[in-house]
Amino acid sequence: MAMAVSARAVTLAAPSSGAVSAEPVGTKTRGVLSSSAAAAAASPSRVSFLRAPASATPASPASSSLSMSSSSICGTSLTSRRYCKLQNGKKSGVVTAELGDSLEEFLAVATPDKNLARLMVCMGEALRTISFKVRTASCNATACVNLFGDEQLAVDMLANKVLFEALRFSHVCKYACSEEDPVLLDMEGPAEGGFSVAFDPLDGSSIVDTNFTVGTIFGVWPGDKLTGVTGADQAAAAMGIYGPRTTYVLTLKDFPGTHEFLLQDDGKWIHVKETTEIKEGKLFSPGNLRATFDNPNYEKLVNYWVGEKYTLRYTGGMVPDVNQIIVKEKGVFSNVTSQSAKAKLRLLFEVAPLGMLVEKAGGYSSNGFNSVSDIVIENIDDRTQVCYGSRGEVQRFEEYLYGTSRLANEPATANA
1 MAMAVSARAV TLAAPSSGAV SAEPVGTKTR GVLSSSAAAA AASPSRVSFL RAPASATPAS
61 PASSSLSMSS SSICGTSLTS RRYCKLQNGK KSGVVTAELG DSLEEFLAVA TPDKNLARLM
121 VCMGEALRTI SFKVRTASCN ATACVNLFGD EQLAVDMLAN KVLFEALRFS HVCKYACSEE
181 DPVLLDMEGP AEGGFSVAFD PLDGSSIVDT NFTVGTIFGV WPGDKLTGVT GADQAAAAMG
241 IYGPRTTYVL TLKDFPGTHE FLLQDDGKWI HVKETTEIKE GKLFSPGNLR ATFDNPNYEK
301 LVNYWVGEKY TLRYTGGMVP DVNQIIVKEK GVFSNVTSQS AKAKLRLLFE VAPLGMLVEK
361 AGGYSSNGFN SVSDIVIENI DDRTQVCYGS RGEVQRFEEY LYGTSRLANE PATANA
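The end of the sequence shown is residue 416 by full-length UniProt numbering, with every number in the run present.
What the hints contain is simulated information worked out from the structure, not anything from laboratory work. Do not take every clue at face value.
[Unchecked claim] Listed below are the simulated EDC-like cross-link pairs for lysine to aspartate or glutamate, each with C-alpha atoms no more than 20 Å apart in a straight line:
1. Lys253 / Asp374
2. Lys253 / Glu188
3. Lys300 / Glu399
4. Lys282 / Glu299
5. Lys225 / Asp181
6. Lys344 / Asp381
7. Lys253 / Asp233
8. Lys225 / Asp113
9. Lys161 / Glu151
10. Lys273 / Asp294
11. Lys309 / Glu277
12. Lys342 / Asp294
13. Lys282 / Glu399
14. Lys253 / Asp113
15. Lys161 / Asp181
16. Lys344 / Glu378
17. Lys328 / Asp254
18. Lys328 / Glu277
19. Lys161 / Asp150
20. Lys114 / Glu188
Predicted model only: the values in this text are computed from it and were never measured.
Produce the entire structure from the sequences given, and follow the hints as far as they go.
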């Protein structure tokens with residue numbers, strides 16, 4: 001019989017001075033940066049990454065089934081879930097992944113791979129730093145810039161540098177590759193037991209000056225290869241979203257769901273949402289609409305959405321437009337090609353990582369024929385069209401564009 005889980009008390013409070021801090025503040029709380037690290041990350045002159053302390057052991061009352069408990073963060077009722085972990089088909093005890101946990105506490109439960117947990121923590125620190133740099137960027141008619149060391153850099157290049165530094169510091173990354181400079185760079189980590197990471201450092205950097213939401217996307221592959229692999233081979237995928245709130249949305253291959261972490265004033269990431277189902281709902285984000293000029297099937301699909309009175313929610317940034325499907329747990333995002341409007345989205349840096357996030361959240365993806373997670377990444381610069389959303393929306397996408405869908409005769413499965 002399941003036992004109730006005590007909700008973790010979470011307090012969101014401004015610093016004692018009464019003013020809301022614009023920079024991360026150091027804390028001695030378990031799993032959070034020391035004051036020196038937080039100050040370094042917030043400083044415009046340098047960035048420092050420190051090893052996260054050993055993960056704490058989460059509370060684990062005896063239970064072999066899901067149990068629920070509510071807590072409240074930002075006025076939202078949160079439900080904590082408990083999972084019984086299996087080893088060789090046998091129950092090995094109860095592990096918990098509670099809403100309200102820190103990132104480090106969550107990872108201690110979600111993966112036994114300490115190298116993967118370390119990499120995800122280091123990337124979380126990078127996202128926190130990028131968020132601060134984006135918020136404090138000075139923008140003019142041509143670029144948004146900020147300081148990194150002694151250099152004045154555009155924010156997308158600054159994000160690029162921060163991410164490479166984080167991966168190199170992690171000591172568990174073998175190769176890293178950025179959309180800004182699509183060449184494999186050796187991060188000097190191990191190939192055996194290590195990882196290779198591909199990332200888009202600042203998706204939507206051209207709309208930073210308008211203060212729209214932008215973000216970072218990355219995928220984590222085991223070993224030392226970023227080509228000859230598929231999205232399904234990823235060990236983890238994530239995105240950082242820099243908007244009115246800063247969130248870190250991640251998923252791990254061997255743990256259910258897609259999980260959202262909210263950045264607190266003290267620099268700590270708190271687990272605030274888990275998504276395991278994408279339902280049907282009339283919310284659409286149609287990208288690359290210029291393709292409707294010479295792709296009549298895409299034009300028909302867009303007209304269907306409009307005729308059925310779908311709500312248009314399109315920002316021009318791929319990260320917020322895909323993130324809303326996970327947060328709202330409904331909707332569809334599309335970016336379709338045509339003869340005159342060629343594919344721009346890169347499979348390695350954007351499409352495959354976001355595909356894993358959506359599918360682990362209970363949604364589906366397609367390039368028109370197959371899940372984007374099943375496409376072999378032959379070259380670093382491979383590009384594709386894409387659709388993300390609920391099962392019904394992805395099936396409709398394939399049928400409108402190509403007259404048939406692989407999902408029509410497939411039984412529904414739980415992607416998460």
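Need the list of violated hint numbers for this structure, in ascending order. As far as the earlier hints go, 2, 10, 11, 17 are violated by this structure, in ascending order.
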